[in-house]
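Engineer: Letter by letter, the chains look like this.
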Amino acid sequence: MSELLLNDDQTAALQEIANIGMGQAGNSLARIWGEFVALSVPRIATVAAARLPELIQRCVGDGRVSAARLLFHGAMRGEALVVISAADRRTLGSLMGFPAPAGDGDPGAQLLHIAETLAGACLGGIARQFEATIGFGAPALIGEDLPARAVVRADTLGVDLALCLEVRFRVEARSLAAHLVMLMPRQEVQGLAVLLDRFLCTL
Amino acid sequence: MTISVLVVDDSPIARKMIRKALPADWDISIQEAGDGDEALAIYRSGGIDVIFLDLTMPRMDGFTLLEKLQQDDLNCFVIVVSADVQPGARERAMKLGAIEFVPKPIDPQALREVLREYGVMV
Numbered sequence: 268m269s270e271l272l273l274n275d276d277q278t279a280a281l282q283e284i285a286n287i288g289m290g291q292a293g294n295s296l297a298r299i300w301g302e303f304v305a306l307s308v309p310r311i312a313t314v315a316a317a318r319l320p321e322l323i324q325r326c327v328g329d330g331r332v333s334a335a336r337l338l339f340h341g342a343m344r345g346e347a348l349v350v351i352s353a354a355d356r357r358t359l360g361s362l363m364g365f366p367a368p369a370g371d372g373d374p375g376a377q378l379l380h381i382a383e384t385l386a387g388a389c390l391g392g393i394a395r396q397f398e399a400t401i402g403f404g405a406p407a408l409i410g411e412d413l414p415a416r417a418v419v420r421a422d423t424l425g426v427d428l429a430l431c432l433e434v435r436f437r438v439e440a441r442s443l444a445a446h447l448v449m450l451m452p453r454q455e456v457q458g459l460a461v462l463l464d465r466f467l468c469t470l
Numbered sequence: 211m212t213i214s215v216l217v218v219d220d221s222p223i224a225r226k227m228i229r230k231a232l233p234a235d236w237d238i239s240i241q242e243a244g245d246g247d248e249a250l251a252i253y254r255s256g257g258i259d260v261i262f263l264d265l266t267m268p269r270m271d272g273f274t275l276l277e278k279l280q281q282d283d284l285n286c287f288v289i290v291v292s293a294d295v296q297p298g299a300r301e302r303a304m305k306l307g308a309i310e311f312v313p314k315p316i317d318p319q320a321l322r323e324v325l326r327e328y329g330v331m332v
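Same order as they appear, the protein sequences are chains A and B.
For this note's numbering, add 267 to where a residue sits in the first sequence, where the first one is 1.
For this note's numbering, add 210 to where a residue sits in the second sequence, where the first one is 1.
Next comes chain A alone, as it looks inside the complex (with noise of 0.2 Å):
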């Protein structure tokens, strides 16, 4: 059994600042695609750095994926990977009235945006939840058209154990879904369990 880095009481009220901050993002997302969107109850998870590449495959499935990530900094610090299966990002065109004259157009673009707007929205209301702030990194393409296995690399990531937040956005109308996935490394968990602690000497 691995390690835990939050105990039950914490992970319980991540889970629910998650499902807030999830709820604005996925507003924002809503506003974006013009349609409605299913929210799932998010999933939290200390995983090795070894199975990270597992874990994003079990989130995604086994097909070919597009991927972004954003790292982000101040009251909590971590990377936000976003997620959407190859299949998917072909229909993002269209939901988000991008120009695709030729062919997909920039996909890149697309995704980078989907990347900022899920991530900001999310991951800024769970610090808003925390009455604290967080800045982002400029939003970087991993990938187009990858293994989902190879969206992380455990050996670059410099971390032995993360803990994991999973949310996911489905547009049922259309079969679209997108992955936001949370990652902070071991040494910066500490810091949201300080967070989190606060938190629940308020109930």
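Quick caveat, the hints were computed from the structure, so don't treat them as lab data.
Note that beta-carbon positions come from the ideal geometry of N, C-alpha and C, so glycine has one too.
Any given hint could be a false lead.
If you anchor each label on the Cβ, the simulated ranges turn out as follows [said to hold, decoys possible]:
no., chain 1, residue 1, chain 2, residue 2, range
1, A, Glu270, B, Asp259, 27 to 35 Å
2, A, Asp275, B, Glu277, 30 to 38 Å
3, B, Glu277, A, Asp276, 28 to 36 Å
4, B, Gly307, A, Gly301, 24 to 32 Å
5, B, Asp235, A, Ile299, 41 to 49 Å
Straight-line C-alpha distance at most 20 Å; calculated SDA-like pairs for lysine to any residue [to be verified]:
no., chain 1, residue 1, chain 2, residue 2
6, B, Lys230, B, Met331
7, B, Lys230, A, Gln282
8, B, Lys226, A, Phe397
9, B, Lys305, B, Val295
10, B, Lys226, A, Ala342
11, B, Lys226, A, Glu439
12, B, Lys230, B, Leu325
13, B, Lys230, B, Asp317
14, B, Lys278, B, Lys305
15, B, Lys226, A, Glu302
16, B, Lys230, A, Glu302
17, B, Lys226, B, Pro313
18, B, Lys226, A, Arg420
19, B, Lys230, A, Leu470
20, B, Lys305, A, Glu439
21, B, Lys230, A, Val426
22, B, Lys305, A, Glu302
According to the in silico footprint, chain B covers these stretches of chain A (three or more CB under 8 Å from chain B) [as the list claims (entries may be wrong)]:
no., region
23, 429-441
24, 459-465
With chain A fixed as given, assemble chain B onto it according to the hints.
Structural biologist: Leaving out everything else, chain B in the frame of chain A:
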């Protein structure tokens, strides 16, 4: 007269937050359920006056529970308390019989106003 309240949310933290937001001087008895299935069983056992309902839950979600309650000739007030703040979620919940939609994080004052508006609390 004691009002019978059912708080339905998969998160124990959210249930605690709702309990805390309820007026301290309100004469109520509270039951809790962690998903729609559990809530439906409690509702069907009778006597529930007010349900505070989350939408995003595992197994049976809030929308499905609202549909089931309608099929059972919904006979109580359902107030949705959800983080899903899309206008579409609110519309769908209201069409399915919810009397009001209170966004998370819950504002105790807003909740109190809803309860007064529907005469559930004087």
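Engineer: Now look at each hint and say whether the structure bears it out.
Structural biologist: Against the structure, the hints come out as follows:
1. At about 46 Å, the beta-carbon gap between A:Glu270 and B:Asp259 misses the expected band of 27 to 35 Å.
2. Evaluation of the 30 to 38 Å hint for A:Asp275 and B:Glu277 yields a pass: the beta carbon distance comes to about 33 Å.
3. For the hinted restraint 28 to 36 Å between B:Glu277 and A:Asp276, the CB-CB distance of approximately 33 Å keeps it satisfied.
4. Range check, B:Gly307 to A:Gly301: Cβ separation about 27 Å, and the 24 to 32 Å hint holds.
5. Separation of B:Asp235 from A:Ile299 is about 44 Å and conforms to the stated range, judged on CB atoms against 41 to 49 Å.
6. Straight-line distance between C-alpha atoms of B:Lys230 and B:Met331 comes to about 16 Å, which keeps the hinted pair within the 20 Å bound.
7. Only pairs whose Cα atoms come within 20 Å are accepted, and B:Lys230 paired with A:Gln282 is accepted, the gap being roughly 18 Å.
8. With a C-alpha separation of about 17 Å, the suggested pairing of B:Lys226 with A:Phe397 holds against the 20 Å cut-off.
9. Only pairs whose Cα atoms come within 20 Å are accepted, and B:Lys305 paired with B:Val295 is accepted, the gap being roughly 16 Å.
10. Between the alpha carbons of B:Lys226 and A:Ala342 the distance comes to roughly 25 Å, so the proposed pair goes past 20 Å and is violated.
11. Restraint check: the Cα-Cα separation between B:Lys226 and A:Glu439 comes to about 31 Å, which exceeds 20 Å; the hinted pair is violated.
12. Proximity of B:Lys230 to B:Leu325 is assessed by CA-CA distance (about 15 Å); at most 20 Å being required, the pair is judged to hold.
13. As the CA atoms of B:Lys230 and B:Asp317 are separated by approximately 10 Å, the hinted pair is consistent with the 20 Å bound.
14. This hinted pair checks out: B:Lys278 and B:Lys305 have alpha carbons roughly 13 Å apart, not beyond 20 Å.
15. Only pairs whose Cα atoms come within 20 Å are accepted, and B:Lys226 paired with A:Glu302 is rejected, the gap being roughly 32 Å.
16. Between the alpha carbons of B:Lys230 and A:Glu302 the distance comes to roughly 34 Å, so the proposed pair goes past 20 Å and is violated.
17. For the hint pairing B:Lys226 with B:Pro313, the CA-to-CA distance comes to about 16 Å; that is within 20 Å, so the pair holds.
18. Under the criterion of a C-alpha separation no larger than 20 Å, the hint pairing B:Lys226 with A:Arg420 is inconsistent with the structure, at around 39 Å.
19. This hinted pair checks out: B:Lys230 and A:Leu470 have alpha carbons roughly 7 Å apart, not beyond 20 Å.
20. A threshold of 20 Å between alpha carbons decides the hint, and for B:Lys305 with A:Glu439 the separation of about 19 Å falls inside it, so the pair holds.
21. About 39 Å separates the Cα atoms of B:Lys230 and A:Val426, which puts this hinted pair outside 20 Å; it is violated.
22. A C-alpha spacing of about 18 Å is found between B:Lys305 and A:Glu302, which places the hinted pair at or below 20 Å, so the restraint holds.
23. Counting residues of the region 429-441 of chain A whose C-beta lies closer than 8 Å to any C-beta of chain B gives 0; at least three are required, and the coverage claim is violated.
24. A stretch counts as covered by a chain when three or more of its residues have a beta carbon under 8 Å from one of that chain; for the region 459-465 of chain A and chain B the count is 0, and the coverage is violated.
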